[in-house]
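Sequences are here, hints too, so could you generate the full structure?
If you read the sequences in order, they're chains A and B. Just so you know, our numbering puts 14 at position 14 of the first sequence, and the rest follows in order with no gaps. Just so you know, our numbering puts 41 at position 41 of the second sequence, and the rest follows in order with no gaps.
Any given hint might turn out to be false.
Claimed, not checked - Within a straight-line C-alpha distance of at most 25 angstroms, the following computed BS3-like cross-link-like pairs (lysine-lysine) qualify:
| # | chain 1 | residue 1 | chain 2 | residue 2 |
| --- | --- | --- | --- | --- |
| 1 | A | Lys203 | A | Lys264 |
| 2 | A | Lys106 | B | Lys103 |
| 3 | A | Lys105 | B | Lys302 |
| 4 | A | Lys167 | A | Lys137 |
Claimed, not checked - Short derived list, chain B residues pointing at chain A, Cβ under 10 angstroms:
| # | residue |
| --- | --- |
| 5 | Tyr82 |
| 6 | Phe94 |
| 7 | Glu97 |
| 8 | Glu118 |
| 9 | Tyr155 |
| 10 | Ile174 |
| 11 | Pro196 |
| 12 | His294 |
| 13 | Arg345 |
| 14 | Lys348 |
These are computed hints drawn from the structure, not numbers from a lab. All of these numbers come straight from a predicted model, not from anything done at the bench. Glycine is no exception: its CB is placed at the ideal position from the N, C-alpha and C atoms.
Residue-level listing of the chains:
There are 2 protein chains.
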Amino acid sequence: MNNNIRWLRDKIRVLDMQGIIISNPINVKYLTGIDAEGTFLITPKENIYITDGRYVEAVNNTLTINDEIVVFDMKDLSKDDYENFFLFCENVGFEEEYVTYAKYKKFMHTYKINNLQETEGIIEKQRMIKDPEEIEKISKACKLTDECFNHLKNYIKIGLTEKQIAKEIEEFYINNGADDVSFETIVASGKNSSLPHAIPTDKKIEPGDPITIDMGCKYKGYCSDMTRTIFAGFVPEEIKPIYELVLKNQKQAIDEMKEGANLKIISRMVENDFRLHGFDLIHALGHGVGLEIHELPYMSTKMDVYLKNNMVVTDEPGIYIPNKFGVRIEDTVWVNKGMATPLTRSDKDYVVVDEAK
Amino acid sequence: MNNNIRWLRDKIRVLDMQGIIISNPINVKYLTGIDAEGTFLITPKENIYITDGRYVEAVNNTLTINDEIVVFDMKDLSKDDYENFFLFCENVGFEEEYVTYAKYKKFMHTYKINNLQETEGIIEKQRMIKDPEEIEKISKACKLTDECFNHLKNYIKIGLTEKQIAKEIEEFYINNGADDVSFETIVASGKNSSLPHAIPTDKKIEPGDPITIDMGCKYKGYCSDMTRTIFAGFVPEEIKPIYELVLKNQKQAIDEMKEGANLKIISRMVENDFRLHGFDLIHALGHGVGLEIHELPYMSTKMDVYLKNNMVVTDEPGIYIPNKFGVRIEDTVWVNKGMATPLTRSDKDYVVVDEAK
Numbered sequence: 001m002n003n004n005i006r007w008l009r010d011k012i013r014v015l016d017m018q019g020i021i022i023s024n025p026i027n028v029k030y031l032t033g034i035d036a037e038g039t040f041l042i043t044p045k046e047n048i049y050i051t052d053g054r055y056v057e058a059v060n061n062t063l064t065i066n067d068e069i070v071v072f073d074m075k076d077l078s079k080d081d082y083e084n085f086f087l088f089c090e091n092v093g094f095e096e097e098y099v100t101y102a103k104y105k106k107f108m109h110t111y112k113i114n115n116l117q118e119t120e121g122i123i124e125k126q127r128m129i130k131d132p133e134e135i136e137k138i139s140k141a142c143k144l145t146d147e148c149f150n151h152l153k154n155y156i157k158i159g160l161t162e163k164q165i166a167k168e169i170e171e172f173y174i175n176n177g178a179d180d181v182s183f184e185t186i187v188a189s190g191k192n193s194s195l196p197h198a199i200p201t202d203k204k205i206e207p208g209d210p211i212t213i214d215m216g217c218k219y220k221g222y223c224s225d226m227t228r229t230i231f232a233g234f235v236p237e238e239i240k241p242i243y244e245l246v247l248k249n250q251k252q253a254i255d256e257m258k259e260g261a262n263l264k265i266i267s268r269m270v271e272n273d274f275r276l277h278g279f280d281l282i283h284a285l286g287h288g289v290g291l292e293i294h295e296l297p298y299m300s301t302k303m304d305v306y307l308k309n310n311m312v313v314t315d316e317p318g319i320y321i322p323n324k325f326g327v328r329i330e331d332t333v334w335v336n337k338g339m340a341t342p343l344t345r346s347d348k349d350y351v352v353v354d355e356a357k
Numbered sequence: 001m002n003n004n005i006r007w008l009r010d011k012i013r014v015l016d017m018q019g020i021i022i023s024n025p026i027n028v029k030y031l032t033g034i035d036a037e038g039t040f041l042i043t044p045k046e047n048i049y050i051t052d053g054r055y056v057e058a059v060n061n062t063l064t065i066n067d068e069i070v071v072f073d074m075k076d077l078s079k080d081d082y083e084n085f086f087l088f089c090e091n092v093g094f095e096e097e098y099v100t101y102a103k104y105k106k107f108m109h110t111y112k113i114n115n116l117q118e119t120e121g122i123i124e125k126q127r128m129i130k131d132p133e134e135i136e137k138i139s140k141a142c143k144l145t146d147e148c149f150n151h152l153k154n155y156i157k158i159g160l161t162e163k164q165i166a167k168e169i170e171e172f173y174i175n176n177g178a179d180d181v182s183f184e185t186i187v188a189s190g191k192n193s194s195l196p197h198a199i200p201t202d203k204k205i206e207p208g209d210p211i212t213i214d215m216g217c218k219y220k221g222y223c224s225d226m227t228r229t230i231f232a233g234f235v236p237e238e239i240k241p242i243y244e245l246v247l248k249n250q251k252q253a254i255d256e257m258k259e260g261a262n263l264k265i266i267s268r269m270v271e272n273d274f275r276l277h278g279f280d281l282i283h284a285l286g287h288g289v290g291l292e293i294h295e296l297p298y299m300s301t302k303m304d305v306y307l308k309n310n311m312v313v314t315d316e317p318g319i320y321i322p323n324k325f326g327v328r329i330e331d332t333v334w335v336n337k338g339m340a341t342p343l344t345r346s347d348k349d350y351v352v353v354d355e356a357k
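Quick look at the structure:
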C-alpha cells in the first residue's frame, strides 16, 4: 500500500469514519496511479477499485501486488456485493464537493449506507503538499513553459493572429515532450487583453499591441501555469505605469510567499496597493497547481490559509482597463525550505517582439 | 424574453415550482446565450444572471434589453439580496444531476430555500427538440464535416500517420469557419480500428488498412458527428462482409428513424441482426447532438424513448474484431417532418484512398 492511501486510512480513522468512497478521478489518480473511469473504495478490510469493461485490462496493467488494490468489473458485482463493502460501518465518507446530489442519493441506496459523511476536501488538502516526485514533474512542466516562451519571442510577428500563436504554443508543447496543454492557452492582444479570460481570436497582432499570453502544459500529469504580457513593436507609454504597478506587486508577492505566510494577507497587500493607484484586483491572486491546473490552496483576500513547505501556488496579479488593455504577470511558485522559489523563470521586464528598427 | 426561457417558466409553473436555479453552463447557454461562469435564476419576478468580475463585461455585451435578464456581479449582492430572490417560494427547482451535494446545501442556505426540488433533466429534455436556428447551425457543422471528408479522400496517403491525419482534420475545420472540433478526432487504422475509442497514434497507414475516422466540429456552438471506415490502397476481402453488415444496418436504422419510432426498438433491430451473424453491438447505437456532442436522447436497447420532429440523433453501428479490425459508420440525422434526414452525407460505399494503380 502506498503512502498516500496509508495516510488517508489513518486520517479517516481519526475522523471516526470506517470507510470512504472516492469518485473524483484526480483524487483516484493521486491515491492509486489509476487513470480511468471508476470508483475507489477504502473499506474496513480492503482497497477496492470498481470500473467497467473498457478499463479493466488497462487498470490491471497499471497495478502491482504491492498496491494492495482489488479491481472489480462492475458487471461482476451483485447487489449483495455492493451492500457488503461497508457492512457494519457507522460512517462512510464521500466527496461532497465532487459528487452530485443525484449520485449522493444513489450511493446511499447502492451501498446501503446510513450515514454518508462529508469529508471537507480531505484528499484535496492532502494534495496541497507535494512530494519530491511531484515537484520534479511540475518543475519539468514549468521548464517546458519557459522554453516555449523563449521560442515565442522570435516567433511572434506583427500580422500573426492570436489563434496562430495559441496553436504554435500547443504544438511546441506536444513536440517537446509535454502530455498536453494544462488549459486552453490564452493569447489576447490589443483591446482583447482587457478580458482576463479571453479566447484566442482571428485578430491580427498590430504595432503597439500588448499581448497577454497565459500558458501552461502538463508533464506526466502535472501542470505548469505562467502569464506574460508582452508588446508588439513598441511599448505604448500609457501602458507603462500599469505594467510597472503589476510587476512590482507580482515580485513583492513572491517575496512574501514564505513558509508560514498567510495567503489572505499577501492578497490584501496587492489589493491595497492597486486601490491606492485607483485599480481593483478583480480576480484571485493565485491558486495551487499540481495534478489540476487550479487546486488548493487559493490565494485570495478570503482565504485564511498559511503557506507550508512544498506547496506550489501561482502568483498572478492583473489590471484590466475595459475596452482598452490589460496586464497580467504570473509565475508558478514552489515554497521550498521556507522560501519562495519560482519554477517559471521567463523574463518579466518589457519583452518587445518584432521590434521596430 | 426568448422562447426557451418562456417555455421553461411555463413548465416549472405546471410542476408547482415558483423558481429554478440553473448552474450547468450548457443549459445556461441554451437559455440565455451566455457563455461564461455563473448561475441563472428564474425567480417569480425576474430572470437573473449572477457572475463575477471576470465575466460581467462580456456578458453585458452579449445581452440586449429584449433578453430581459438582469446581470449581477456577485460581489454587489448582499445576504438579503440572495434571500429575497426566492422569497415566498414554496418549491424551487435545481439540477440534481449537475449540482454537487455541497452546492445543494449551499443553495439551501444562501437562497434560504426550504424545498429545493429535483427537476429530472427538465432542460436537457427541452434541448432535445431543436428550433430552426439550431438546426441551421448543426447543418452547417455537418456540411463542414462532409467538406472535410471530401478533402481527406485526396489528402490521405499510405505512409501518413494517424496523428497527421487527425491534425489535418482539425486544421481543415478551423480554416473553414468552425469554432473547433466537437470532440477529439479519432483516426484508427489497421488493428487500432478494433478499439471503438482509439486515440490517434504515430502508426503509419499501410496498404490494406481499414481507417476509421470519427470526426465532428462545432459551428456557433453546435456540434456535428460523423464516422466513416475507409480503406488504404484496397479493400481486404475479410473485411467486406462486416462492412456490408454494418452499412446495411446503418441504412436500415436511418430508414426507421421516423417521428414516433421507439429508439429501443431500432437498437434491438440492429442488435438482433448483428447477433444473427455472430457479432455484438457493444456500444449505444446513437446519441443526441446539439450544444453538446453527447446529449439526450440516447439510442440504445435500454432507452424507451420515442423520436419527435426536430430531434437530431446519430446512427452509428459498429463491429469490432479484437486485435484485427473494426468498422463503424455514423451519420448525424435530423427528424424532419416525420422523416429521417441525414445531415452528414458523405459517401458510404467503399472509399479507397491512395488506390493501387
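Here is what the structure says about each hint:
| no. | hint | result |
| --- | --- | --- |
| 1 | A:Lys203 - A:Lys264 | violated, 38 angstroms |
| 2 | A:Lys106 - B:Lys103 | holds, 17 angstroms |
| 3 | A:Lys105 - B:Lys302 | holds, 22 angstroms |
| 4 | A:Lys167 - A:Lys137 | holds, 24 angstroms |
| 5 | Tyr82 | violated, 17 angstroms |
| 6 | Phe94 | holds, 8 angstroms |
| 7 | Glu97 | holds, 5 angstroms |
| 8 | Glu118 | holds, 7 angstroms |
| 9 | Tyr155 | violated, 19 angstroms |
| 10 | Ile174 | holds, 7 angstroms |
| 11 | Pro196 | holds, 9 angstroms |
| 12 | His294 | violated, 14 angstroms |
| 13 | Arg345 | violated, 28 angstroms |
| 14 | Lys348 | violated, 27 angstroms |
In terms of the numbered hints stated before, the structure departs from hints 1, 5, 9, 12, 13 and 14, listed from lowest to highest.
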